[in-house]
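J.: We have chain E already, so just place chain G on it with the hints.
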Amino acid sequence: VQLVESGGGLVRPGRSLRLSCAASGFTFDDFALHWVRQPPGKGLEWVAGISWNSGSIYYADSVKGRFTVSRDNGKNSLYLQMNSLKTEDTALYYCVKAQYSRGGYFHSWGQGSLVTVTS
Amino acid sequence: MVLTQSPGTLSLSPGDKATLSCRASQSVPINYLAWYQQRPGQPPRLLIYGASTRAAGIPVRFSGSGSGRDFTLTISRLEPEDFAVYYCHQYDTSPTCTFGHGTRVEI
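One line per chain: the protein sequences are E and G, in this order.
Note that the first sequence covers residues 8 to 126 in this note's numbering.
Note that the second sequence covers residues 6 to 112 in this note's numbering.
Just chain E, same shape as in the assembly:
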């Protein structure tokens, strides 16, 4: 299993950024996927999750209405569209594979993509 995040970088508050996660080594459309973030020096925060067929999508309250998670099973890719970014969104964003098609524990993690929101 390999999960490779990209798209992070430095961005001003109020702007947008789109993260991507390229997956390989497993049957992509069999599993739910998540984004989990970790601010520098702090703990893990679950951000969003999407089921195998995009039929179930959930967000943390802290990002609801600003972030949109999506997946393209034909391209084995997961995305996170982040709008109206705030300084508190600064974090390392991990792409995570769940164990089952709709949920489950987190068996595989990417290395993360760093997003820095600063003026």
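Don't take each hint at face value.
Unchecked claim - Derived coverage of chain G by chain E (criterion: at least 3 residues anywhere in the stretch with Cβ under 8 Å from a Cβ of chain E; other residues may be distant):
| # | segment |
| --- | --- |
| 1 | 46–54 |
| 2 | 69–82 |
| 3 | 104–112 |
What the hints assert, rightly or not - To give an idea of the interface, some chain G residues facing chain E are shown, with a C-beta separation under 8 Å as derived from the structure:
| # | residue |
| --- | --- |
| 4 | Thr9 |
| 5 | Ala39 |
| 6 | Ser99 |
| 7 | Pro100 |
Calculated directly from the structure, the hints in this document are not laboratory data.
Even glycine gets a Cβ: it sits at the ideal position worked out from N, Cα and C.
T.: Positioned in the frame of chain E, the structure of chain G alone reads:
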């Protein structure tokens, strides 16, 4: 669901036994509780799922127990590589979940 981990920091020596606690604000359905280890500069690694099942390749010195609202991760004899941060994680049959704030195990 809120997960409260204690203590925040555990100061121990190699060879010691470590006992980490995770308390949920409500009963965890079907013991859907996992533990992860995170070393500096690395992503988290799955240790335990289903409250007590060791993930593949995890040494037997790691064990999980508990049910309902109270869960424990025990490391029977600490090895130097075990000094890290540990997180508990409540997961579900839907794509939503919660993490605890972590326990740092330090020398």
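J.: State for each hint whether it applies.
T.: Checked hints:
{"no.": "1", "hint": "46–54", "in the structure": "holds (count 5)"}
{"no.": "2", "hint": "69–82", "in the structure": "violated (count 0)"}
{"no.": "3", "hint": "104–112", "in the structure": "holds (count 4)"}
{"no.": "4", "hint": "Thr9", "in the structure": "violated (12 Å)"}
{"no.": "5", "hint": "Ala39", "in the structure": "holds (4 Å)"}
{"no.": "6", "hint": "Ser99", "in the structure": "holds (5 Å)"}
{"no.": "7", "hint": "Pro100", "in the structure": "holds (3 Å)"}
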